[in-house]
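J.: Okay, here's what each chain looks like letter by letter:
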Amino acid sequence: QKEVEQNSGPLSVPEGAIASLNCTYSDRVSQSFFWYRQYSGKSPELIMSIYSNGDKEDGRFTAQLNKASQYVSLLIRDSQPSDSATYLCAVNWQTGANNLFFGTGTRLTVIP
Amino acid sequence: KAGVTQTPRYLIKTRGQQVTLSCSPISGHRSVSWYQQTPGQGLQFLFEYFSETQRNKGNFPGRFSGRQFSNSRSEMNVSTLELGDSALYLCASSPITGYSTYEQYFGPGTRLTVT
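Here the protein sequences come in this chain order: E and Z. Take the first sequence: its position 84, counting from 1, is numbered 1274 in our numbering, and each next residue is one higher. Take the second sequence: its position 38, counting from 1, is numbered 43 in our numbering, and each next residue is one higher.
FYI, nobody ran anything at the bench for these hints, they're computed from the structure. Treat the hints with caution; some may be incorrect.
Subject to a maximum C-alpha distance of 30 Å in a straight line, what follows is the list of computed DSS-like cross-link-like pairs (lysine-lysine) [claimed, not checked]:
1. E:Lys1246 / Z:Lys6
2. Z:Lys62 / Z:Lys18
3. E:Lys1192 / Z:Lys18
4. E:Lys1257 / Z:Lys6
5. E:Lys1246 / E:Lys1192
6. E:Lys1257 / E:Lys1192
7. E:Lys1232 / Z:Lys18
With the Cβ distance kept under 10 Å, some of the chain E side facing chain Z (calculated, not the full set) [said to hold, decoys possible]:
8. Val1219
9. Tyr1261
10. Asn1282
As the structure is a prediction and not an experimental result, all values here were calculated from the model. The C-beta atom is built at its ideal place from N, Cα and C for all residues, glycine as well.
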């Protein structure tokens, strides 16, 4: 059974702090990993994609992938109240396919 | 570039009816995937279409079906609606080429309510 697990939170951090969001997945053959942000009542918005072990940075966001530990994380530096949302981890198990398996999401609240 | 568009945005149907939802992908994107989002089950994959062919299918009953047209636009159909089909139905498109091959971009969704 393929699974993607996230801590549902809520995770609260003060404005300006680093928010750390974690995700584990069950299948070692997973190929592609994604982080989406979803505001209440809106559709998911792609923040980061990562395919190789290591870190990938984009502005205030850093995705970290460790395939040996089956672990992917998202760091948000200098957190802003506008970052308050649910963050969804998604895994694409299969090469040549676009069928994402999503975690249940972590709700992040940034306190001004 | 314009984003993924979905129509209608909101829909209310009665049990037993059928419904068709439409999705227009980002220009140049050839893969369209459909997802169902509910509070209880989260986001679940329905199916993916590429070059007018269903390439992958999730674990949903046969009442859920879809198709893709030559211009990459896609429709999904749900027949014999049940109360449990009430959900946000999301369409996502993907370029299939280049570095961002597997990145999927979601439309705003269709909120379906079955009464």
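J.: Run through the hints listed earlier and report the numbers of any the structure violates, in increasing order.
T.: Of the numbered hints, 3, 4, 8 and 9 do not hold.
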